[in-house]
Structure formats: C-alpha cells, structure tokens
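S.K.: The chain contents come next:
Protein chains: 2
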Amino acid sequence: MQQWAAERPDLDISPMEVIGRLKRLSRLVEAELKRTFAAHDLDAASFDVLATLKRSGPPYRLTPTALMQSAMVTSGAITQRLDRLEARGLVTRTLSDADGRSRDVALTPEGHALIDRALPDHLATEQRVLSGLDAPRTEALVDTLRTLLTSLGDDLG
Amino acid sequence: MQQWAAERPDLDISPMEVIGRLKRLSRLVEAELKRTFAAHDLDAASFDVLATLKRSGPPYRLTPTALMQSAMVTSGAITQRLDRLEARGLVTRTLSDADGRSRDVALTPEGHALIDRALPDHLATEQRVLSGLDAPRTEALVDTLRTLLTSLGDDLG
DNA sequence: GCAATATATCTCATCGCTAAGACATCTGCC
DNA sequence: GGCAGATGTCTTAGCGATGAGATATATTGC
Numbered sequence: 003m004q005q006w007a008a009e010r011p012d013l014d015i016s017p018m019e020v021i022g023r024l025k026r027l028s029r030l031v032e033a034e035l036k037r038t039f040a041a042h043d044l045d046a047a048s049f050d051v052l053a054t055l056k057r058s059g060p061p062y063r064l065t066p067t068a069l070m071q072s073a074m075v076t077s078g079a080i081t082q083r084l085d086r087l088e089a090r091g092l093v094t095r096t097l098s099d100a101d102g103r104s105r106d107v108a109l110t111p112e113g114h115a116l117i118d119r120a121l122p123d124h125l126a127t128e129q130r131v132l133s134g135l136d137a138p139r140t141e142a143l144v145d146t147l148r149t150l151l152t153s154l155g156d157d158l159g
Numbered sequence: 003m004q005q006w007a008a009e010r011p012d013l014d015i016s017p018m019e020v021i022g023r024l025k026r027l028s029r030l031v032e033a034e035l036k037r038t039f040a041a042h043d044l045d046a047a048s049f050d051v052l053a054t055l056k057r058s059g060p061p062y063r064l065t066p067t068a069l070m071q072s073a074m075v076t077s078g079a080i081t082q083r084l085d086r087l088e089a090r091g092l093v094t095r096t097l098s099d100a101d102g103r104s105r106d107v108a109l110t111p112e113g114h115a116l117i118d119r120a121l122p123d124h125l126a127t128e129q130r131v132l133s134g135l136d137a138p139r140t141e142a143l144v145d146t147l148r149t150l151l152t153s154l155g156d157d158l159g
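Protein chains in written order, with this note's numbering: chain A, 3 to 159; chain B, 3 to 159.
Keep in mind that the hints were calculated from the coordinates and are not lab data.
Here the structure is a predicted model, which is why all the values come from computation and not from measurement.
Treat each hint with caution, since some may be false.
Sample of chain B residues with no beta-carbon within 10 angstroms of chain A, all distances over it, derived [claimed, not checked]: (1) Lys36; (2) Arg37; (3) Asp45; (4) Ala47; (5) Phe49; (6) Thr67; (7) Ala68; (8) Leu84; (9) Asp85; (10) Arg90; (11) Asp99; (12) Gly102; (13) Ser104; (14) Thr110; (15) Glu112; (16) Ala115.
Computed list of lysine-lysine pairs in DSBU-like fashion (alpha-carbon distance at most 35 angstroms, straight line) [to be verified]: (17) A:Lys25 <-> B:Lys25; (18) B:Lys36 <-> A:Lys36; (19) A:Lys25 <-> A:Lys36; (20) B:Lys25 <-> A:Lys36.
Quick reminder that beta carbons are idealized off the backbone N, C-alpha and C, glycines included.
Generate the whole structure from the sequences, applying the supplied hints.
M.R.: Dropping the structure here:
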C-alpha cells in the first residue's frame, strides 16, 4: 500500500485494502480445506460433487446439469469430475428413463460412506478457520458478505 | 442450508454460511476484475506481474523469486508468466550482475504504459464492486478480514 | 581450496478447467 | 406428423497452474 501511495499518489488505492485481503483470505482458506480433503483422498472438486449429491437427500440422485449449476463450472468440468468419481466407484451414471438426453448421477454405498466420513472433518476445519472471530463479529461478517453478494447480483444473498 | 439441516441434523453447519459466501464472493469479484483486465489485453496473472513491478518503484526491477513470493505461486508459474510477458515486449529478463544464478526482470516502456493505463480502470472496478457498502461497514470488513488473516498466520494481517 | 549444501531459475509431465462444438433427444408450432 | 430450435451431455484443444526434478551458481565449513 505504501509502495502504491509513493508510486501513484494520484490514485485512490483504498479498495485494494478490501479486495486484496478478500482474495488472500479466500486462497488461504482454500488451502486449509484442501488438506482436510486430501486426508480423505479427495480434492475440492470431488468433495463438492459428493456433498451436493448427499445434501440433495433421498434418492441421492441428480443430473449433470444440476451438479454443474451448483458447482458453477462448465459442463465439460462436470463430465470429467464424474469420470473420475465413476472410475473410483463413488458414483454411478445411468440413463434417465424420463429424458433420453439426460443421465442420473447417484451416490454408491462407497460414495455415501466417504462423504459421511469426510463431512464432519470438513466442518471442523471450517470451524477452526473461523475460530479467530467471536459470534457477533461472525454474524456481522455474514451480513456484510450477504450485502456484497446481493449488490453483485447473486441471489444467494 | 435447509437441505443439510434435513440430511445431517447432527452436524453444526453454521461455518458454511461464512465460508460458502466468502468463496462465492471471491469468485464473483475475480470474474468482474477479469473483464477489466481483458479490456486491456491482460489476464489476472499478467496484470499481477506488471503491477508488482510497477509498485516496486524505480528502477522497476525485481527477481523472479520476488515476483513468485508476491504472487504466491510456484517458480514454474512465474517462469511461464515471464515467458509470455517477455514475448509481448512488456518486460525484459537480463542476467543479474550481482548473482549469476539470478535474473533481473524489468518493465519496458510498453509495459509501463500498459500498467499505467490499466491501473485506474482496475481501481474503478474494485470501487464499483464495493459500492454496496458504506464507509463504516467497509472499515469493519477490512478489520474482520485482517483478524482472520492474522489468526491463519498471514502477516499481511 | 574443496566438498557439501543451499539457492535461483528453468523444464517438463500432468492436472483440472474453459470454450467451442458435436451429437442425440426433446418440445412446440405449423 | 414433421421440422426447427432448444436442451443435455460429451469431446477436444488449449491454457495456466502445480510438483518433481534438472542445471547452474553461491555459500559454508573443514
């Protein structure tokens, strides 16, 4: 910041204070979570798919399009994630009987067992990452993030 | 959240409220910034290198290692970023006269001109992304991010 | 002075993603 | 009923990153 102030005193660099820390925090948190995933032979992408299927509830079955929208990635990315998970026997892909273009992606018993094992650890890691904040500050943070998301047109708000 | 509460009522999923939004916001902001970079024929990686050289001040010259530490990427990533920037005539790589193992990476006049053009646009985009927050809330957010970064061992704190 | 170790950079194989587009199937309109 | 356009999934080329390791140069301890 001091460097910028010296180099370009004509510019208001205060937004960098926020955006820079936001990016940095996000990277650090991702790195933390990654370690937990790795302890369960997973990466963030695989965990995301398994967790999405799990939280969808019975019959733990979604289409690739639903997974794509949840993960906010392209269809090609989902195809490849599913290739990997299917090869490991964690999900199955079957033809949809309602729509011939579509597939049903479902958790196998192994997939179920894995996500049930990984999830508590994952939540503990998230908890730990946030342990530097007390409850009121955490609540204020959520509120602020919600405001920013809404102002950027995200309906998760 | 409701889905998780239904599926695993035994787990405390409140950390997801924070981490999920943090990740989502970070992705949305990155996408916004990307559009500004693209308007100047840049991507985030190239902008990062040019901006780091610029803010280092005269003589606008750093080693690949310094750039690597600033960007928090591996040495291979920096090598390839510099390959691209050098091919476009935006930076030069010369042998260091102080240390035969090292290189000096410097901005060319073209590199200088480009970062000087892109930077005000970039800051305007950052400003716009944050425009949903008033000054006190922005300050509170920075403070909270600082706390979290420090608790995660980041000295940018 | 020399060997051992550390450091700086680059190389290369691999990974997961995007973007464009191929292909099959469904839907709505005439 | 049949055709046009929309939709769902997969394929493929290319990109930028990682991670392991190669190479060259510096530094340290004996």
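S.K.: Decide, hint by hint, whether the structure agrees.
M.R.: So, going through the hints one by one against the coordinates:
At roughly 12 angstroms from the closest C-beta of chain A, the C-beta of Lys36 of chain B stays outside 10 angstroms, upholding its exclusion from the interface. Taking the minimum C-beta to C-beta distance to chain A, about 13 angstroms, the non-interface status of Arg37 of chain B holds against the 10 angstroms cut. Even its closest Cβ contact with chain A, about 15 angstroms, leaves Asp45 of chain B beyond 10 angstroms, as expected for a residue assigned away from the interface. Ala47 of chain B, annotated as away from the interface, keeps every beta carbon of chain A farther than 10 angstroms; the closest lies near 13 angstroms.
Distance check for Phe49 of chain B against chain A: the nearest CB is about 13 angstroms away, which clears 10 angstroms, and the non-interface claim stands. With a minimum CB-CB distance of about 18 angstroms to chain A, Thr67 of chain B clears the 10 angstroms threshold, and the non-interface call stands. The claim that Ala68 of chain B is not at the interface with chain A holds, since no C-beta of that chain comes within 10 angstroms of its own (minimum 12 angstroms). For Leu84 of chain B, the non-interface assignment is confirmed: its Cβ lies about 20 angstroms from the closest Cβ of chain A, beyond the 10 angstroms cut-off.
Annotated as non-interface, Asp85 of chain B keeps its C-beta farther than 10 angstroms from every C-beta of chain A; the closest such distance is 24 angstroms. Chain A leaves Arg90 of chain B outside its interface by the beta-carbon criterion, the shortest separation being 22 angstroms against a cut-off of 10 angstroms. Residue-level check passed: Asp99 of chain B sits 24 angstroms from the nearest beta carbon of chain A, beyond 10 angstroms. Look at Gly102 of chain B: its CB is around 28 angstroms from the nearest CB on chain A, clear of 10 angstroms, so calling it non-interface holds up.
Every CB of chain A lies more than 10 angstroms from the CB of Ser104 of chain B, the least distance being 21 angstroms, so the non-interface label holds. The non-interface label for Thr110 of chain B is consistent with chain A: the shortest C-beta to C-beta separation is roughly 17 angstroms, beyond 10 angstroms. Consistency note on Glu112 of chain B: stated as away from chain A, and its beta-carbon is indeed over 10 angstroms from all of that chain's, at 18 angstroms minimum. For Ala115 of chain B, the shortest C-beta to C-beta distance to chain A comes to about 14 angstroms, beyond the 10 angstroms cut-off, and the non-interface label holds.
Pair hint Lys25 of chain A plus Lys25 of chain B holds up; C-alpha atoms about 9 angstroms apart against a cutoff of 35 angstroms. About 25 angstroms separates the Cα atoms of Lys36 of chain B and Lys36 of chain A, which keeps this hinted pair within 35 angstroms; it holds. Restraint check for Lys25 of chain A and Lys36 of chain A: satisfied, since their Cα atoms lie roughly 16 angstroms apart, inside the 35 angstroms limit. For the given pair, Lys25 of chain B sits about 13 angstroms from Lys36 of chain A by alpha-carbon distance, which is consistent with the 35 angstroms threshold.
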